[in-house]
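Trainee: Now for the letters of each chain:
Number of protein chains: 2
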Amino acid sequence: MTVQQHIINLATSAKAACPTIANSPVSQRNEALTKIAEALETSRAALLKANELDLESAADAGLDAALVDRLELNDARIDGMLDALSIVRSLPDPIGGIEDLKSMTSGIQVGKMRVPLGLIGIIYESRPNVTIDAASLCLKSGNAVMLRGGSEAIRSNLVLSDCIKSGLKAAGLPEAAVQVVDTTDRSAVSALVSLEGLVDMVVPRGGKGLIERVAREAKVPVLKHLDGVCHLYIHAQADPEMAIALALNAKTHRYGTCNTMETLLVDEKMIDTLEAIAQPLLAKGVELRGCEATHKVLAERCSRASAHDWDEEYLAPILAVKVVSGVEEAISHIARHGSGHTDGIVTSCHQSAMRFLRAVDSSSVMVNASTRFADGFEYGLGAEIGISTDKIHARGPVGLEGLTSQKYIVLGDGHIRA
Amino acid sequence: MTVQQHIINLATSAKAACPTIANSPVSQRNEALTKIAEALETSRAALLKANELDLESAADAGLDAALVDRLELNDARIDGMLDALSIVRSLPDPIGGIEDLKSMTSGIQVGKMRVPLGLIGIIYESRPNVTIDAASLCLKSGNAVMLRGGSEAIRSNLVLSDCIKSGLKAAGLPEAAVQVVDTTDRSAVSALVSLEGLVDMVVPRGGKGLIERVAREAKVPVLKHLDGVCHLYIHAQADPEMAIALALNAKTHRYGTCNTMETLLVDEKMIDTLEAIAQPLLAKGVELRGCEATHKVLAERCSRASAHDWDEEYLAPILAVKVVSGVEEAISHIARHGSGHTDGIVTSCHQSAMRFLRAVDSSSVMVNASTRFADGFEYGLGAEIGISTDKIHARGPVGLEGLTSQKYIVLGDGHIRA
Chain A
1 MTVQQHIINL ATSAKAACPT IANSPVSQRN EALTKIAEAL ETSRAALLKA NELDLESAAD
61 AGLDAALVDR LELNDARIDG MLDALSIVRS LPDPIGGIED LKSMTSGIQV GKMRVPLGLI
121 GIIYESRPNV TIDAASLCLK SGNAVMLRGG SEAIRSNLVL SDCIKSGLKA AGLPEAAVQV
181 VDTTDRSAVS ALVSLEGLVD MVVPRGGKGL IERVAREAKV PVLKHLDGVC HLYIHAQADP
241 EMAIALALNA KTHRYGTCNT METLLVDEKM IDTLEAIAQP LLAKGVELRG CEATHKVLAE
301 RCSRASAHDW DEEYLAPILA VKVVSGVEEA ISHIARHGSG HTDGIVTSCH QSAMRFLRAV
361 DSSSVMVNAS TRFADGFEYG LGAEIGISTD KIHARGPVGL EGLTSQKYIV LGDGHIRA
Chain B
1 MTVQQHIINL ATSAKAACPT IANSPVSQRN EALTKIAEAL ETSRAALLKA NELDLESAAD
61 AGLDAALVDR LELNDARIDG MLDALSIVRS LPDPIGGIED LKSMTSGIQV GKMRVPLGLI
121 GIIYESRPNV TIDAASLCLK SGNAVMLRGG SEAIRSNLVL SDCIKSGLKA AGLPEAAVQV
181 VDTTDRSAVS ALVSLEGLVD MVVPRGGKGL IERVAREAKV PVLKHLDGVC HLYIHAQADP
241 EMAIALALNA KTHRYGTCNT METLLVDEKM IDTLEAIAQP LLAKGVELRG CEATHKVLAE
301 RCSRASAHDW DEEYLAPILA VKVVSGVEEA ISHIARHGSG HTDGIVTSCH QSAMRFLRAV
361 DSSSVMVNAS TRFADGFEYG LGAEIGISTD KIHARGPVGL EGLTSQKYIV LGDGHIRA
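Heads up: the sequence lines are chains A and B, in that order. Note that full-length UniProt numbering has the first sequence beginning at 1, numbered continuously upward. Note that full-length UniProt numbering has the second sequence beginning at 1, numbered continuously upward.
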C-alpha cells in the first residue's frame, strides 16, 4: 500500500467516527479524557522507555540540542500532560449550545448552534506533549483528529496513541476518532494536507519551514502563523518606568517565543529615555541594532541596523531599535515590517492608545502590556491549539472555539415564506 | 500591459486605500453610500442607455433568456439598487466595537475588536445590481473591493463604477477603494484569485461552473457554496396540514433558488399522508420522482427515481421523494446526499427536533419552517454578500459580519508577564 493510500485509509476511518464524536454528550467526551489520563499514568514506564529509544536515535542522527530538549520526556513533563488533560476536561462544552436566538418579523426564530468542524489534521515536530494536548482539544470540541508528529518522536507518540485509543474505548467512543499517523515517511504530510472533503482543517505547529511547506501544499484550510515580528512602541506620553519595564519583559522574558518583541520603536520625544530603556537590556546581554538616531544616543553600545533588520524575527537576544516621529510613523512601520502577530503601545494618552488599537492590523494589539501576554492561557482560553495570524476563521491564540463552526438554526411553527 | 499586470495594479491601488477606509468613521462611510445613491439617481438615463447596449450585444451573442433577464435594468431595478444602498446605510457600524472585554487573573483585560478583512474580490455574472450591493456591503464594513462582473454587463457596470467613484470622492474617501475590473478578458478572474497577500478573500457568485473554477484556481480564501440539495423530512409526528404546506412552499415558492427543497423525505409512519402532500405539488405541475415505497402509493403520478436523483439540484419543478424508516435514516440520507446547505424537519416531537438540529451538518437546519427562509434578509442580516456552505470563517447567509475579522486587544497598566 502506498503512503498516500494509507493516509487516506486512516482519514476515512477517522471521518467515519465524526458523527459519533460530534453527537456524543460532553460527559462521555470528558470520560474519555479521564480514561486517557489513567492509561497515561499506567503507561508511564513504557512511555519513558519508548522516549529513551527516540532520544538514542536522535543522538545517533545528530539532531540539534534544542530539538532533543523538546523531544525528551520525564516525570514532570508527563505530569504536564496529565494537567493538560485535566484542564481541558474542566472547560465548558464548546459545542451544541444555541446562541443569539432572535424572533424575526416573519415569525421564525433564528439562532446559531456551535458545532465541530469535523476532522482536524495536526502536523508538528518533536514535542510528544502536543500529541496529548491536540488530541484532548479536538476530542473536547467533538472533532476527530489525525496527529502527525515528527519522525524523531514516533516511538513516544505510538505509546501515547495506545493510551488515547484505550481511553476512547473505555468511554465507549470510537477509537478511530484519534489517529496517530504511524509512518515516518515524509510524504505523509503532503498526503494529509491534500485530503479535500475528508480533512476540514489543518494546523501545522513547528518551525517556519514546516509551516511554509504545509501552506504551500495544502488543498484544505490551514490555521497558521509564520512569523512573530512583534513591536513595542514607546509613545511620547509613555510613563518612563513603565516603558523600561515593558521593553525588558517583552524582549527578555523568553527569547525563542513568537510573541517576543523583535523591534522597539521609540518616539523621538522620548529620546532622553532611550538610555534608560537600553541599559537593562544591555545588562541582560541583548545586542541592540539601532537606526541612526538610536546610534547617536547609544554610540558603541549599539550596532547599526541594516535594512533587513526591520523584518527579522531574531528569536535570540538581539533587538532592533528605531526612533520614530510619532504614532502614525509607528503604525506605518508596523504595517510595513510587522508580521501581524502582536504589537503594543506604551502610552498615557487615551486618543493615541485608541488610534493604535484600531489601526494596527495584527492578531493581538496591546496597550501598556508586554507582548509576551499573547497566549491562549493568558487570554483565558484554557488551552491553545496554536496561534493564527490569518484573518479568516480564527485569529490570534486559538482554543476550543477555533476548532468549531457555527450553523444557523431556524425554529418555526409551520412558517412558510410569503 | 498584460491582463495579469493590470489586475495587480488595480489590486495594489485598492490595497493602498485599505487603511483609510478601515479607519474612517462610519459617518463618512455612510456619506459615501448617500453620495453613490445621488450619483446613481443622476445617472439613471446614462445607465439605462449603457444597459441597452449590453442587452443588444447579448442578443447578438445569443445569450440565453434567463441570463438576459438578469442583465436587464429598468427603473424598478434601479430603485432596488437605491433601496439596497439605503438599507446598508441604515445598518449599525460592523467594525471598531470592542466585545467581551474581560479581566484576567494577571490583571490585563482581554477583548476582541471587529475589524475589516482588507481587500475583498467579488466575481459574479450578469446582474448589474450586484455591483452596487457588493460595493455597499464592502464599504460599510471598511473593506476595499475588486468587482469583477460578467463581460455581458460591462457597459452597465462601468456606469455604476463612475457613480461609486464619484460618491467616494464626494465623501472624501479614496476612489481606489472600489475597483470595477474594466477588462472583459477571462484571464482576469484567474489573476484576481491568485493575488495572495493582496486579496484577503474572494466571493464568487453565479453558476456552479464559475464557482468551481474559482475554488479550483484560488490561492486566496474563498467564501462559497456550490450546491443547494435541500431536504425536508416529514417526521412520524408531523402535523399533516403543516407538512403539506411546508413541502409545497419549500418546493414551489421559487424553483431556481439554492434554498429550494430538492428531496422530500417522508417517514414510513406518514405514508398515509403522502397522497395529500403530493396532490398540491402535482397540481402545481411538479414532477415527482419517487423511491419504490413512494411509487406504490402514487403509482403513475410519479416516475421512478434513479440512484443519481438523490444527489440532484434540479432548480426546476422536479422533486425527489423517498420514504425513510425514521429520523436516523433521514439524518444519514442527508449526510450522504445533501450539500450542507439547508435541511429541515417537520415534527411535533421535541426530542426528534433537537436530534435533527444537532446531527444534521448543514449551514442552516430548520424545524417546522420552509427551507426558503435560508436568506440573509430573512435572518435579519440586513443584506447578503452570499451564502457559504464551508465551515471555515462564515457559514450560511453572509452579511456584514462575514466581511470582517476579530483581533484580540489587550489593555494593561504596565503589566509584565511573570
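Keep in mind that the hints were calculated from the coordinates and are not lab data. Keep in mind the model is a prediction, meaning the values are calculated, not measured. Check before you lean on any hint, since a few could be wrong.
For identical chains, the list gives no copy identity; a pair is met inside one copy or between any two copies.
With a cut-off of at most 30 Å between alpha-carbon atoms, the simulated DSS-like pairs for lysine-lysine come out as follows [to be verified]: (1) Lys-112 / Lys-208; (2) Lys-102 / Lys-224; (3) Lys-102 / Lys-219; (4) Lys-269 / Lys-208; (5) Lys-102 / Lys-49; (6) Lys-224 / Lys-296; (7) Lys-284 / Lys-219; (8) Lys-219 / Lys-269; (9) Lys-112 / Lys-102; (10) Lys-102 / Lys-284.
Trainee: For each hint, tell me whether it holds in the structure or not.
Mentor: Hints, verified against the model:
1. Lys-112 / Lys-208: So Lys-112 and Lys-208 pass the 30 Å test across copies only (27 Å; inside, 36 Å).
2. Lys-102 / Lys-224: Between copies only: 25 Å across chains, 34 Å inside a chain, cut-off 30 Å.
3. Lys-102 / Lys-219: For Lys-102 and Lys-219, neither the intra-copy (37 Å) nor the inter-copy (37 Å) Cα distance is at most 30 Å.
4. Lys-269 / Lys-208: neither (37 Å within a copy, 58 Å between copies)
5. Lys-102 / Lys-49: Neither: 57 Å inside a chain and 44 Å across chains, both beyond 30 Å.
6. Lys-224 / Lys-296: So Lys-224 and Lys-296 fail the 30 Å test inside a copy (39 Å) and across (55 Å) alike.
7. Lys-284 / Lys-219: neither (45 Å within a copy, 44 Å between copies)
8. Lys-219 / Lys-269: Intra 49 Å, inter 44 Å, cutoff 30 Å: neither.
9. Lys-112 / Lys-102: Answer is both: 10 Å inside a copy and 23 Å across each meet the 30 Å cutoff.
10. Lys-102 / Lys-284: neither (57 Å within a copy, 34 Å between copies)
When each numbered hint is compared with the structure, violations occur for hints 3, 4, 5, 6, 7, 8 and 10.
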